[in-house]
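Visitor: Use these hints to put chain A onto chain P, whose structure you have.
Now for the letters of each chain:
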Amino acid sequence: MNESASKAVLSFQDMILTLHDFWSAKGCLILQPYDMRMGAGTFHPATTLRALGPQPWNAAFVQPCRRPTDGRYGENPNRLQHYYQYQVVLKPSPPQIQDWYLDSLRVIGVDPLKHDIRFVEDDWESPTLGAWGLGWEVWCDGMEVTQFTYFQQMGGYDCKPVAGELTYGLERLAMYIQGVDNVYDLAFNSQGVTYGDVFLENERQMSTWNFEIADTDALFDLFRKAAAECRLCLDKGLPIPAYEQAIETSHIFNLLQARGVISVQERASYMGQVRDLARGSCEAYMAKYADQWAADYPEWAA
Amino acid sequence: MSDFLLELLCEEIPARMQAGARADLERLFRAEMDGAGVETGAITVWSTPRRLALIAADLPEQTEAVSEEAKGPPEGAPDAAIDGFCKKNGVTRDQLELREVKGRNTWFAVRNVPGRKVADVLAEAIPAIIRAFPWPKSMRWGKASISTESLRWVRPLQGIVAILGEDLVPCEVGGVASGFATVGHRFHHSGEVTIGGASDYAEKLRACHVIVDHAERQDIIRTKAKEAAEAVGLTLVEDEGLVIENAGLTEWPEPLLGRFDEAFLDVPPEVIQLTARVNQKYFVCEDCAGNLANAFVCTANIRASDPAVVVDGNRKVLAARLSDARFFWDTDRKVPLEQQARKLERITFHEKLGTVADKVERVATLARWLAEEGIVPGADPALAEQAARLAKADLVTEMVGEFPELQGLMGGYYARAEGLPDAVSDAIRDHYKPVGQGDDVPTAPVTVTVSLADKLDNLRSFFAIDEKPTGSKDPFALRRAALGVIRTVTRNGLRLSIAEGDLLDFFADRLKVQQREAGVRHDLIDAVFALGGEDDLVRLLARVHALQSFMESEDGANLLAGYKRAANILKKEGYEGSGNRIARTGEEDPLALVDDPELGSIVAQRGHVRPDYDTEPAESALIEALNRAEPAASSAIADERFEEAMAALASLRGPIDAFFDNVTVNDPDPAKREARLALLDHFRAAVHKVADFARIES
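Same order as they appear, the protein sequences are chains P and A.
Numbering of the first sequence is given in our numbering, commencing with residue 1 and proceeding in unit increments.
Numbering of the second sequence is given in our numbering, commencing with residue 303 and proceeding in unit increments.
Isolated chain P (complex conformation) (with noise of 0.2 Å):
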């Protein structure tokens, strides 16, 4: 028996307002989209930097994601260079964390005893921002949907508490609940209007600049730029705006890659700038905040 037989298939957008729904009865706030490009939800402030220090956060919203490099010019039923995760970040992590991710999963169609869900390790680093966490991703059929982690660092310092992270992959659950092949007909809501109607022409066009057109001396010039208005931030004691201008490095980074300018050994030098940048805003945001924390934490310590 299908699900769409016991209740209708949910759109695209009707998944993410069921898990604004769901999230925001848990207690999460429900936040939007940080107005920045960048490579992963993680990177969103409200991941990143409220992952630090002792005040319990919870949190859900979609972040749009660029991975230059996955364009596949619209050709490839599910890479794409621009696609959309689901974060909710729980600080700290609570103990049925996994129960109500299971039954987020419910909420949205995917019974567990119809699909085979399954939690396999899959630990999480990003030397970027300084960060690794323990979890697992998480399969339904065999396919990664979900990103599930405990994270244990972040811009270098020890997370007290520990944060539970999960990201969902918005696209590749929502084609598995359609039951669809390829990405671009994903039903966007129940009108009739697809993924490939909003999104296929974007593809074909931002492939083809990211892989072809980007002016390299611009991007190379735009990345001094920002890591200098980054430097220029933490300086004035401005971790906030520092980060946003580490961000913008580390995507002008990736567009860099894309367009196959930067060599295997400048690339782990630019990488070290962007991680410095990264982990220099961190450790501006713990620096301005460490004393309210051990004010109002006693028993927290940076």
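The reader is advised that the hints may include incorrect statements.
[Said to hold, decoys possible] Chain A regions said to be covered by chain P (calculated; three or more residues, Cβ under 8 Å):
no. : stretch
1   : 384-393
2   : 592-606
[Claimed, not checked] BS3-like mimics (lysine-lysine), calculated; alpha carbons at most 25 Å apart, straight line:
no. : chain 1 : residue 1 : chain 2 : residue 2
3   : A       : 775       : A       : 654
4   : A       : 445       : P       : 26
5   : A       : 645       : A       : 661
6   : P       : 288       : A       : 445
7   : A       : 645       : A       : 735
8   : A       : 873       : A       : 974
Derived by calculation from the structure, the hints in this document are not laboratory data.
Every residue, glycine too, gets a C-beta built ideally from N, C-alpha and C.
Guide: The following block gives chain A in isolation, referenced to the frame of chain P:
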């Protein structure tokens, strides 16, 4: 006597860590019990993705009461000594007893350790085991993690079942208290499962769709995956690693067969198998002709209401992976390897050794030379150089970027697709071989040339910058490279100077390790290497083989005994060998001119001075025998007729035995004594023409 059950429930444990965790649990449990004086019998450990379980059969109710006593200082000893003794034994001064020892009053510390309830011992042991558990990677979680001192476990710990007989062993660690309750299968059972004890544990869980015995799950996967393939007339490609991994990912394994689009079979089978295995943990199947079939077997963790839905989902994932692989396959083939190879200029091989392109240049030069010099018979120099120039090009292809373990193999496929000669394609494909111990050794001439050049370049380059393996550290896999060279050279009978200096010593060590398996004695390899100047592995091994069969003969064993006796006498008498008496020639090596045809006979003469007294018969016989055997052995060695060299040595056995039986070396006449010592030295030198017998173990 009662059975004890321990279950540690947690969020999903990585499959790869479960076998180690089982061993650690048993080891730590035994250590805790030993430390408390609890005798343990049979211990069973099981694991699933969500639990580690241990059953210890027949634990006693109580530990034995023990009385320990220690003898201390005598009565009247300084206070400091008595206090120190008290401290060491954990007693106070008024607890000491005075006893007479050999008529002297002596202090004794007596400690009576009463028997303890084993339940109490367990209640302390469980938290200790959990806190000491050596997970390869562990984490903090939850509210308590506001402190870095909070409990660590592989993933959040959720429950402890600890039952001795039918009684709860109460304990608590990190906010988790022991109880009778656990959980069943994540989806096939809801709510708690109450366990009575060790005896009903496995069956109660089975009723809740959890097969707790990992070995049983492995059997199910092995059997059912095979059956699934056979049911559609295919053969499962067996993969024990996958069996264990899938058993570590499931509490209720259900192998299911699916099909993928036959069009994907255009992609090389190794790529399909690797995609299925590494990314998806699927088995693959072969048809009756042994070709890869368009089928896979996945292992679900549920008894699905409609298995076809699960299979179809898995099929789609595999299809997506395979279409990516096909994209790489198509993209890579659009760029000729020669063009790909130019990108190697951008990849650093090692900061002190330049780029991969630099390395390729060195390997190409060496490969051409190996072919041109005829060191690898039948290798065409042009093809060898071409293959060497293209061998590393696949490192920059999309496919190898995705699957590094396909290096070489993909280059071979791409070369063939470009229409390059088979010899070149094969060489590119196989030049990393032999990789593991059981791996094939190349025999095709061009492949042998490139394989050898690649490995020798690694060895020489890293030795040149002093990056030699030390202890367990071998970051550039030089031991494996040396072993590969040894196997390739010996398998193909290649004659070349393999190395010099440190690198030659390194080869000698590797050779000993490698030959041990073939039953070749390491001391014999040492005995030949010790002579110096041997850098041809084929010649060396031929000599060692001849030496070994000689040493296994009666003549050999006796000659060795004679040699050791002679060497001992020379050593005892402090006799300086004839080598020390060779005149300084201005050469750095005093023996440099020994092989000079004009000087050779002169130098040789120094060894065989005829004594100017009436020699005894056995003495004369030995002199004669030496004068025959030594040149015979030398020329046999020079011509690599090692059996003949051994036979020449064997001819010395009778004379040396007779000499020792009949002649007194330590004659009162200093001239005789000196001459006989010289004769023994000559004997020793003759034996050394073949091998340094001092290195040979009796």
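Visitor: So if I understand the rule, the pair passes when the alpha-carbon distance is 25 Å or less; does residue 873/A with residue 974/A pass?
Guide: At roughly 18 Å apart (the allowed maximum being 25 Å), residue 974/A and residue 873/A satisfy the hint.
Visitor: For a C-alpha distance cap of 25 Å, please report whether residue 645/A and residue 735/A respect it.
Guide: holds, 24 Å
Visitor: Are the Cα atoms of residue 645/A and residue 661/A separated by 25 Å or less?
Guide: holds, 13 Å
Visitor: Are there three or more residues in the stretch 592-606 of chain A whose C-beta lies closer than 8 Å to some C-beta of chain P?
Guide: Our answer is that it holds, as 5 residues pass the Cβ test (under 8 Å) against chain P, meeting three.
Visitor: Verify the proposed pairing of residue 445/A with residue 26/P, using a straight-line Cα cut of 25 Å.
Guide: holds, 17 Å
Visitor: Quick one: see if chain P covers the stretch 384-393 of chain A, three-plus residues with Cβ-Cβ under 8 Å.
Guide: violated (count 0)
Visitor: When you check the alpha-carbon spacing of residue 288/P and residue 445/A, does it fall within 25 Å?
Guide: Holds. Residue 288/P to residue 445/A sits at ~23 Å (cutoff 25 Å).
Visitor: Given the hint that residue 775/A pairs with residue 654/A, test it: the Cα-Cα distance must not exceed 25 Å.
Guide: holds, 19 Å
Of the numbered hints listed earlier, the single one contradicted by the structure is hint 1.
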